[in-house]
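*Asks:* Here's the letter readout for the chains.
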Amino acid sequence: MTVRAKLAAATPGLRGAISRPGERRRAAYRRHNLAGYTFIAPWLICFFAFTLIPMVASLYLAFTDYDILSATPHWVGLRNLQRMFFEDPRYWRSVRATFYYVMIAVPMRLAFALGVAMLLNTYRRGVSVYRAIYYAPSVVGGSVAVAVMWRQIFGTDGLINAVTRLFGIAPVTWLGNPRTAIWTLIVLAVWQFGSPMLIFLTGLRQIPQEMYEAAAIDGADAADRFFRITLPLLSPVIFFNLVMQTISGFMVFTQAFVVTGGAPLDTTLFYSLYLYQRGFDNFQMGYASAMAWVLLVVVAFFTALVFKSSSYWVFYEAKEGA
Amino acid sequence: MNRNRWPIVLGVVLALSLALSACAPAATPTPQPKPATAAAQPTSAQAQPTTAPTAAQAQQPVELRIVWWGSQDRHDRTIKVINLFMQQHPNIKITYEFVAWADYWTKLATQAAGEGLPDIIQQDYAYIGEYTNRNLLLPLDDYVKSGVINTADVTPAELDGGRVNGKLVAINLGSNSQCWVLDVDAFQKAGVPLPAPDWTWADMEKAAMQIHDKLGIWGMGPGLWDEQIWASLYLSLGQWRYNADGTAIGYTDDTPYVQHLERMLRLEKAGAIVPRAEDVANYYGKSVEAQPIVEGKAAMAYFWSNQIVAVWKAAGENRNFKMVPLPRMEGGKSANYIKPSQFWSIAATSKHPKEAAMFIDFFTNSVEANEILMAERGVPISSKVREALKPKLGKSQAAMFDYVAEVSKTAQPIPPADPPGHNDIVKNVLYPQVADPVAFGQLTPAQGAAVLRKEANAILAKNKK
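Chains as they are written, first to last, in my numbering: chain A, 1 to 322; chain B, 1 to 465.
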């Protein structure tokens with residue numbers, strides 16, 4: 001009784017309802033929710049302050065001519081989109097560079113990750129050490145330090161040219177040649193295969209050994225076992241990795257920003273990099289915001305495409321009754 | 001029931017403290033209450049009579065932020081001067097940031113957008129117009145009038161570069177002009193005569209080719225695709241690249257620029273100049289210490305005259321450099337002008353403009369400070385400082401003083417500040433749509449010049465009223 005009285009006093013609005021048991025339970029839930037929300041408040045506050053509100057603001061700015069130095073944006077409607085699609089040759093160069101990168105770097109990284117994962121999918125001694133070693137590049141992954149190191153390695157006086165010179169090959173300006181520059185970034189991306197590799201590895205561990213044994217008894221060779229057992233059973237994991245890597249592929253920024261700066265001939269001018277240059281070098285924040293929203297739509301479209309296609313190539317054991 | 005509420009209270013406290021520490025920008029320290037005793041600090045006032053802070057002001061703790069771009073040499077010198085200033089003004093604390101040129105304006109624009117500009121800002125002639133038109137810089141006329149910034153030893157012409165719309169918004173840190181730096185030893189080794197001050201682009205090409213043939217090094221370093229070179233071609237012909245009201249390209253004949261691009265291609269093909277590919281891969285955006293002339297990989301280089309100090313320091317005092325003006329167009333006049341190398345400005349949002357002005361004064365007039373700076377930012381504007389420095393100049397500073405004095409005899413008047421859109425033209429048209437495609441053979445020089453005209457005019461057309 002004292003408890004109920006106290007609660008009623010603390011929450012006067014509930015005084016009438018408090019006597020009914022159902023209501024009491026609901027009030028208890030509400031208290032639990034309050035505690036829950038309080039505990040996630042740090043994340044919530046940061047989410048609103050640094051993600052949601054800036055996103056809404058950028059949606060508005062995408063329809064303005066906002067330049068970062070002066071405070072007043074003017075509404076220009078779809079003018080930014082018009083400029084982007086019809087008047088800006090560099091925009092299409094950045095789209096081309098980004099697609100080139102995504103189409104090549106993402107499959108290569110996945111293939112590489114899968115290959116290494118299969119090598120590591122044994123129970124020999126010391127394999128966990130190798131796992132850690134192969135994962136290491138991804139830990140330092142998108143960092144500026146690695147990008148700077150990359151610049152040195154592929155520089156004209158860098159490691160690669162020093163090695164090729166030993167074999168009498170003339171040095172190549174890897175970062176300055178329009179044909180090779182983007183490949184230095186693709187190699188960098190492939191080298192950072194660690195996180196998809198770990199996910200593949202867990203996927204591989206879940207494929208029952210009996211299947212391989214049964215197939216081997218039936219006379220299936222290694223290729224058969226890979227294409228008819230490993231790949232189908234791994235397809236949900238491949239699907240997950242493909243989606244994640246495609247999304248991050250479209251947003252690639254740091255590597256190009258540090259290693260090549262978009263040069264030469266805009267062959268490494270990735271979309272995010274160009275967006276950044278427009279916003280922060282040219283102060284055209286409205287235009288940059290419009291570019292960002294177009295990118296969002298494009299990424300969403302391709303993610304949806306991968307999802308749609310998944311019904312043709314992703315097999316879930318439960319559904320297929322394997 | 002009370003007991004049950006504890007987790008919530010605890011949660012709220014935890015959450016708030018986490019949120020505050022995670023999200024909030026580092027709080028600016030609240031100014032401490034002014035101490036009542038105002039007699040303690042006469043030393044600083046005596047040490048620096050030109051600034052003469054009253055005792056009361058000397059007591060009030062003030063924090064200033066300052067930002068500049070530059071080379072390692074400049075960072076070291078500037079930090080020393082800041083420390084010296086703080087020693088003489090114990091109540092003023094200056095925190096500093098410095099970055100390379102390539103990132104500087106990005107950083108500054110972001111800070112401007114967040115209304116967090118540092119109190120004292122290093123400014124450039126290419127940007128003061130843009131910053132002043134957006135009311136981001138504090139007019140300094142009052143501080144000059146009241147003598148906080150002492151300009152008694154400065155000629156008006158040396159201040160005028162910092163005037164926008166009739167108001168003084170920036171104090172010139174040194175006079176400067178573009179130059180060709182020659183590696184004298186390489187010239188002698190190759191048996192190539194040193195060029196005369198009125199040499200032409202054809203002379204330049206010949207020298208670069210000869211040196212490359214004889215020594216196998218690059219005749220000339222990178223940077224000839226630079227927008228300033230584009231400007232200098234027309235300046236030498238007595239024209240300017242933009243028209244008077246900044247609404248279109250100012251010249252009618254593309255031929256000089258086409259010829260320049262053709263010359264670049266000839267030099268690149270012969271291997272007599274750092275190729276564009278090498279430039280973007282290894283040199284672009286790096287500070288001057290990284291330029292090939294420093295390591296003896298090139299015999300000539302294109303710089304602003306003040307940069308010789310950092311270049312010479314990085315290359316070593318035993319090297320033999322000579323500075324000559326920019327090559328002229330055939331039959332043209334001087335392609336040089338005297339430019340304020342850079343400025344100090346005060347942000348309009350500064351809470352302590354007076355102390356910031358005191359620092360600028362110190363930087364401009366203190367002999368002690370300039371003995372540390374050693375004209376690294378260009379020839380000092382104060383005649384008193386110049387006189388005091390002269391006997392102490394090293395090789396590089398003496399060369400710079402002589403060069404600027406010599407060049408100012410023939411130099412053209414300073415061209416008007418670049419119109420809005422200039423930055424857009426340089427970064428989105430000149431390099432990516434003209435220089436690169438021409439250098440990599442996608443466009444002919446004539447097509448490149450035509451693209452530049454068309455796209456630049458489209459951008460400048462927005463300036464029409």
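Please keep in mind that the hints were generated in silico from the structure rather than gathered at the bench.
Being a predicted model, the structure only gives us computed values, none of them experimental.
It is possible that part of the hints are untrue.
Among the chain A residues that face chain B by a calculated CB cut under 10 Å, a handful are [as the list claims (entries may be wrong)]:
1) P89
2) A170
3) W174
4) E210
5) E213
6) D221
7) D224
8) Y312
9) Y316
If you want the footprint, here are the derived chain B segments under chain A, 3+ residues with CB under 8 Å [said to hold, decoys possible]:
10) 83-90
11) 193-206
12) 212-218
13) 374-385
14) 418-427
Just so it is clear, CB atoms sit at the ideal spot from N, CA and C, and this is done for glycine as well.
*Asks:* Measuring from the C-beta of D224/A to each C-beta in chain B, is the shortest one below 10 Å?
*Replies:* The hint is violated - D224/A has no Cβ within 10 Å of chain B, the shortest such distance being about 47 Å.
*Asks:* Cut-off 8 Å, C-beta pairs, minimum 3 residues; does the coverage of the stretch 212-218 of chain B by chain A stand?
*Replies:* With 0 residues close enough to chain A, the hint is violated.
*Asks:* Let me know if the C-beta of P89/A comes in closer than 10 Å to any C-beta of chain B, holds or violated.
*Replies:* At about 7 Å, which falls below the 10 Å cut-off, the nearest Cβ of chain B leaves the hint on P89/A intact, so it holds.
*Asks:* Is the hint on Y312/A kept, meaning its closest Cβ partner in chain B is under 10 Å away?
*Replies:* 41 Å, violated
*Asks:* Using Cβ atoms only, decide whether A170/A comes closer than 10 Å to chain B, and label the hint accordingly.
*Replies:* 12 Å, violated
*Asks:* Once the shortest beta carbon distance from E210/A to chain B is found, is it less than 10 Å?
*Replies:* Violated, because the Cβ-Cβ distance from E210/A to chain B comes to roughly 49 Å (cut-off 10 Å).
*Asks:* For the stretch 193-206 of chain B, do three or more residues have a beta carbon lying closer than 8 Å to a beta carbon of chain A?
*Replies:* violated (count 0)
*Asks:* Do three or more residues of the stretch 418-427 of chain B come closer than 8 Å to chain A, measuring C-beta to C-beta?
*Replies:* holds (count 3)
*Asks:* Given W174/A was flagged as interface, is its beta-carbon under 10 Å from a beta-carbon of chain B?
*Replies:* Holds, about 7 Å.
*Asks:* Do three or more residues of the stretch 374-385 of chain B come closer than 8 Å to chain A, measuring C-beta to C-beta?
*Replies:* violated (count 0)
*Asks:* Taking 8 Å as the C-beta cutoff, is the stated coverage of the stretch 83-90 of chain B by chain A satisfied by three or more residues?
*Replies:* violated (count 0)
*Asks:* Should the hint that Y316/A touches chain B count as held when the rule is a Cβ pair under 10 Å?
*Replies:* With a minimum Cβ separation of about 39 Å from chain B (threshold 10 Å), the hint on Y316/A is violated.
Hint violations for this structure: numbers 2, 4, 5, 6, 7, 8, 9, 10, 11, 12 and 13, all remaining hints satisfied.
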